[in-house]
Each structure stands twice: as structure tokens, then as C-alpha cells.
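Chemist: First to last, the protein sequences are chains L and A. If you count by our numbering, then the first sequence holds residues -8 to 214, one letter each, in order. If you count by our numbering, then the second sequence holds residues -8 to 214, one letter each, in order.
Hints are supplied without guarantee of correctness; some may be wrong.
Since the list gives no way to pick one copy over another, a pair counts as held whenever it fits inside one copy or between any two copies.
[Said to hold, decoys possible] With a cut-off of at most 25 Å between alpha-carbon atoms, the simulated DSS-like pairs for lysine-lysine come out as follows:
1. Lys211 with Lys129
2. Lys129 with Lys34
3. Lys129 with Lys66
4. Lys146 with Lys66
5. Lys146 with Lys34
6. Lys66 with Lys211
None of these hints come from the bench; they were simulated from the model.
Here is what each chain is made of, one letter per residue.
2 protein chains.
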Amino acid sequence: MRNMGLQRLTLVEPLEFPSGVAVGRAASALDVLEGAEVVSDLKQAIAGCSLVIGTSARSRSIPWPMLTPEQSAEKVVTESQQAEVALVFGREDAGLNNEELQQCHFHVQIPADDDYSSLNLAAAVMVLSYEIRKAALKLADQSDRKEDEYWDQAKATGDQVEHFYDHLERVMVAINFHDPGNPRQLMQRMRRLFGRIRIDVMELNILRGILTNIELNIRKDTD
Amino acid sequence: MRNMGLQRLTLVEPLEFPSGVAVGRAASALDVLEGAEVVSDLKQAIAGCSLVIGTSARSRSIPWPMLTPEQSAEKVVTESQQAEVALVFGREDAGLNNEELQQCHFHVQIPADDDYSSLNLAAAVMVLSYEIRKAALKLADQSDRKEDEYWDQAKATGDQVEHFYDHLERVMVAINFHDPGNPRQLMQRMRRLFGRIRIDVMELNILRGILTNIELNIRKDTD
């Protein structure tokens, strides 16, 4: 929860609270545990909420509006801007019972493998918290940062890359690897290869340096 | 893993294996644990893989191509249709070290809260497995083919690419461009450069050919 930016935890009739084991596992998220509200039934926990979504591993006798984790997160993030919302998780061993599920507006199901669809409580909390985090970041327009934004160097320009290809071709001729009279698509393949990289300026300088050092170190036929 | 339909687990130098605790926690996913391959280093674990994605909590001294969990899952699912792929997770306490991260083509970062960004290993595995599950279900639902599926050559495997890096380093030393005693991150930069495009077998053969011809054509100091 805390990793994904969620803070408010309500515990319904916990077997043990406070719990030394829980404190130990909370690590740096002790604030969430210490701030937890403890209530005696689900009705009390969700009293002020205008949107309640319950986790369900399997479809029930009465079909209920069913959401994916992504759809749930979108609803949670949108609605929480103006009202209180709750995401309800069941017991580790038995989940939510029918009466509890019927107190929820929607059910959410994590798309697990048919052969083994029962997730640990912690795993289910992680997946739904993560989707809420993604939806919140998307809403704040911070998500989906482009690969380029992490880069430390400017990408090389088209003419810089063209000079590199010219240099590369001269060197490949000089080391008798390339015969411009019988090119066998070699330069096209080099262009396809380096073109995929979207090379940056420092990398281009390194490659040009390598090419220059090859030229300085090759035997001349006139030697 | 098993909940999300993933089966193949490789353990690199586990402290304890088989482990009674792990067996107890595996519950109905004992088949994954019993089928786990145990190896002594990461290189061995990823040897046959043409795409390797490593989990990273923070940005490193040299930025690396960084993916979101969603982008990673899409690459994993697409690529795994024709080649072996690996998702690499680090130690519970310290994650992956720099050397290990540099063996990965991409890094993936889970968009955690800035105040508490360090996820438990199990939480990170859950999020990435879940995204892979979603991407797999989406792919099974669609028929839009990706660029990679049109490729004319097989992608090079991890050990083939490692041999290329070894060869490249020897040549850079031979042309006096590279001093292993004062490496200035040169090999990391080369790995980052070529790691960005998952090179195909023919391209790798061309590059190896160029390196061989450089060796055949350089002046020996004894000349």
C-alpha cells in the first residue's frame, strides 16, 4: 500500500491488533499500521464511502458488476477526488463472504491462471494498489515517461550519423572487409543496425574514436 | 508467478535449496519450485536468452533504457513467441548490483511512491508477473503483429553476444583505444549501445567479421 502511495487502512475485527508480527513486516510503512482504524464490522468500515469495490476470486451465485483491476483503479481514482472510496479485501483463507460481497457496488477480479486462481491476500493488495498508482499517475499526467527522458546525452543528429556511416565505410574498405564494387547490402545492414539504436552524441564520439584508432593502427600497403 | 501463468524459475546461487520454508509457502505452486533450475551465476542463467530485463529500484550512474512494467510485459510477451526471455530480480535486501544490471538489455522500474520506493521482492515479482499476464491475455485477444515478428533473422542469444563483447574488447585494446587498467566505463557504454537493439544473428556475424578483419590488418608492434 505504502509503496503505491496509499495511506488509509481500516481493519475489520482483526484477530490481533496491535500485532508484533505486523509491526515487524511493516518496515518503513509503520505509519500506515499505526494510523489504521479498527472497526467491528464491514458496514462500519465503509459507512462514509460512495464507492465500494470488493475483491472476489470467483464468480458468485448472483452475478455482480465485475471490473478488471484497471477499471477498478480508474473508478477509484476518479471518484476519490470528490468522495470517499473503499477497496475491500477478504480473509487470507476464505476471502469475502456473500453478505460482504453484496455490500460492494462492484467486484474486481484479478485475471489469474485458471489452474491456480487463488492469490495471497498480499499479492491481491499489491496488484490493486499498483493499478491505483498507475491510474493516479496517469491522471496527474506523469506516467508513461518516455525512454528519452531518462537519457543523459543528446541523441545524435542525422548529419552526425551520416558522417559516422561515411567513416565506417572508409574503414571497412581499409580493412578489406567491404568492396564498394560488390557491396552485398553491407551498408544497408549497418544502417538498419545502428538506426535501431538511436545513438547518442557521446556514443557516436566513442565509435568515431574507435574508427580513427583503427585507421591509425592498420598496415598500409605501402608499408 | 504460478497464479499469473508463469512456470520457469531459475535460481542463481540460492542460500538454501531445497528449502522447507519455500516448499511450505509454495502451496499449490510446488511444481514451479520443484522444476526450478539452480545455477551459480547470472550469466549462466541468461545464456540462452535474447531479451533480458532487470528490475531496478533507482537510476544508476549510467542511465539505461528504462521501461515501465507495462512496456516490459509487452516486450516479454512478443519476444517470447520466438526466443527465450528472462526477467531478472535481485536480492531481497540489495537488489541487483551494477554488474548484473549491465547484463540486461533493459531495466524496468515499478512506479512507486517517492517517499517509499523499495518494494519487497515478492511484491515486485507479483506486479511484473501480473503485467505479463495482462499482456499475454491481450495478445491472445488480438492479432496485430509486431515489428519483430516480421524480422528476417533470428535474434542472437546471450552467449553469442557475450563472445562479441569479448572480441570487441580485445580489438579495442589492440588498436590502443581501450586500456583495461583505466576502462572509463567504455565496455558498459558499448553494452548499453548494442544492448538497446537486440541484435540478430547475421548482424552479429558481420560485426564479428569486421573485428576479425581489423585484427588481420593492424600493425603488430613487432612488425
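Chemist: Of all the hints given earlier, name the ones this structure violates by number, lowest first.
Modeler: 1, 2 and 6
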